[in-house]
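Could you put the whole structure together from the sequences, leaning on the hints where they help?
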Amino acid sequence: MNFLKEQLKLIRKEDPAFKSFWELFLYPSFVVQIYHKISHFLYLHKHYFLARFLSERAKRKTGIEIHPGARIGKNFFIDHGNGVVIGETTFIGNNVTIFHGVTLGGVNDCKGKRHPTIRDNVIIGAHAQVLGNIIIGKNAKIGAGAVVLKNVSANKTVVGIPAKEKNCINKKKRVQ
Amino acid sequence: MNFLKEQLKLIRKEDPAFKSFWELFLYPSFVVQIYHKISHFLYLHKHYFLARFLSERAKRKTGIEIHPGARIGKNFFIDHGNGVVIGETTFIGNNVTIFHGVTLGGVNDCKGKRHPTIRDNVIIGAHAQVLGNIIIGKNAKIGAGAVVLKNVSANKTVVGIPAKEKNCINKKKRVQ
Amino acid sequence: MNFLKEQLKLIRKEDPAFKSFWELFLYPSFVVQIYHKISHFLYLHKHYFLARFLSERAKRKTGIEIHPGARIGKNFFIDHGNGVVIGETTFIGNNVTIFHGVTLGGVNDCKGKRHPTIRDNVIIGAHAQVLGNIIIGKNAKIGAGAVVLKNVSANKTVVGIPAKEKNCINKKKRVQ
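Residue numbers (this note's numbering), protein chains in the order written: chain A, 1 to 176; chain B, 1 to 176; chain C, 1 to 176.
Just so you know, these hints were derived from the structure itself, not from any lab.
All values reported here derive from a predicted model rather than from experimental measurement.
Here a beta-carbon is modelled for each residue, glycine too, at the ideal position from N, C-alpha and C.
Please note that the accuracy of each hint is not assured.
What the hints assert, rightly or not - Restraint-style ranges between C-beta atoms, simulated for each label pair:
id: 1; chain 1: C; residue 1: S153; chain 2: B; residue 2: L50; range: 28 to 36 Å
id: 2; chain 1: C; residue 1: R57; chain 2: A; residue 2: N108; range: 31 to 39 Å
id: 3; chain 1: A; residue 1: F3; chain 2: B; residue 2: K46; range: 42 to 50 Å
id: 4; chain 1: C; residue 1: I38; chain 2: B; residue 2: W22; range: 12 to 20 Å
id: 5; chain 1: A; residue 1: R57; chain 2: B; residue 2: K5; range: 32 to 40 Å
id: 6; chain 1: C; residue 1: K46; chain 2: A; residue 2: F91; range: 37 to 45 Å
id: 7; chain 1: C; residue 1: N108; chain 2: B; residue 2: F49; range: 41 to 49 Å
id: 8; chain 1: A; residue 1: K46; chain 2: B; residue 2: K46; range: 43 to 51 Å
id: 9; chain 1: C; residue 1: F21; chain 2: A; residue 2: R60; range: 37 to 45 Å
id: 10; chain 1: C; residue 1: K150; chain 2: B; residue 2: N94; range: 27 to 35 Å
id: 11; chain 1: B; residue 1: G73; chain 2: C; residue 2: N2; range: 49 to 57 Å
Written out as structure tokens, the structure is:
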């Protein structure tokens, strides 16, 4: 129930198009996180097949693929969501917002931690690709369509392919 | 019925892979626009939940997310379509073609008009992101993967991240 | 059965997150290729509607759209897959790996061969757009988010919008 309240508050804040309580259950972000909570639990108890089965079902329903192994903090919001891929060893902090088409993926075949770590308050714009075992610092912003292959320092904004720092952004902006 | 005829003519023109009449009903572009006509009607009459419910269903079926509030002109064609997101306050003119992965989205949390206005005959290439309350002028073309954050003048072609004008394109080209 | 064994071996190699045999049936790459084998057969026998019907069903289930006309070699692997679009006249060689969001598409309305030819051992990163009747040479790699509009020579790596050659990559790297 806490999760429900938290999400309701969050979506109300994040999405200006939100109109009524029941819409909550139409939000892919909400639906996929319910699934993920169960599949992550199953994953931790080594029911890998069942865990993956649930995450695939969630993907068919929402277009969002979160591997059961991914660890996700509080107030995580995925706007729209179609095409999002989140890898097995991804860590996501609190208050993170990502948009549709974002990948938090790997770049090689080695076992172990191979996906990004996203710290608190990060915003990742639509279709940005964040690849490899890198760290995205607190309050960082990643522009739409960026391809991020290196660490991003806290409070920085990066854009482009490959992603480079942008100088002159200070005000909080929602990069959809 | 007019809409059916219009779409049939349109798809026949746009897609060289189109082979027979009944294929029309397999086109996500056609299916999602039927849904959108209903959900937009419901939205205008303030049945917001039902409207959103239909648009979410359409998204699950087609991979295309059109907010019930979006206003769309005639002869609108979405090729392939998976991953398309069209925001609440988007206006789309006549004879517009967009490809899969395109976003017509917002960049901040303010209420009011926060999504793009697309004028007549615009073509938007695959995975292009068009963000904010900007205007894309008549006959403009946006290249695949571009991130457009500023107005685009009529008859111009823009490409890249962030999108810049391209000089030497004159002939009509379909930028998939 | 050969196809099943081939795919099992392939996915075991490609995906470090793969854990148990039955997971195979959860892989969109596997599911969509089963569908494609049938729809391609129907296409060759000119049952175009049925062929397209199957490919659309496969797309709803997996998020991967492969036109029934596309010709695909052995050991083809699509990682994650949501948002992939493969056009009618695409040829794909052996041992090719592509990631989610990749387009192998066309740039104009002419009939005939209008989609890319992908040679053996090519790797195409997430959300890369490969457009037009171009040839991607053996062992080439295409970076995430790249937009490729020209031929790529064998053994080269290209990145960016539009995609340009990258000098200093020699070791085999998996560009997710």
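Hints, one by one, checked against the model:
Taken as a hint, the range 28 to 36 Å is violated for the pair C:S153 and B:L50, whose Cβ atoms sit roughly 55 Å apart. Between C:R57 and A:N108 the Cβ separation comes to about 34 Å, which falls inside the hinted range of 31 to 39 Å. Roughly 29 Å separates the CB atoms of A:F3 and B:K46, a value that falls outside the hinted 42 to 50 Å. Distance hint check: the CB atoms of C:I38 and B:W22 are about 18 Å apart, consistent with the given range 12 to 20 Å.
Range check, A:R57 to B:K5: about 39 Å between beta-carbon atoms, so the 32 to 40 Å window is met. Restraint check, C:K46 to A:F91: a C-beta distance of roughly 52 Å breaks the suggested window 37 to 45 Å. Checked against the given bound of 41 to 49 Å, the beta carbons of C:N108 and B:F49, roughly 43 Å apart, stay inside it. Separated by about 50 Å at the C-beta atoms, A:K46 and B:K46 satisfy the suggested range of 43 to 51 Å.
Look at C:F21 against A:R60: about 21 Å separates their beta carbons, and that is not inside 37 to 45 Å. The beta-carbon spacing between C:K150 and B:N94, approximately 33 Å, falls within the hinted interval of 27 to 35 Å. The given range of 49 to 57 Å is respected by B:G73 and C:N2, whose C-beta atoms sit roughly 51 Å from each other.
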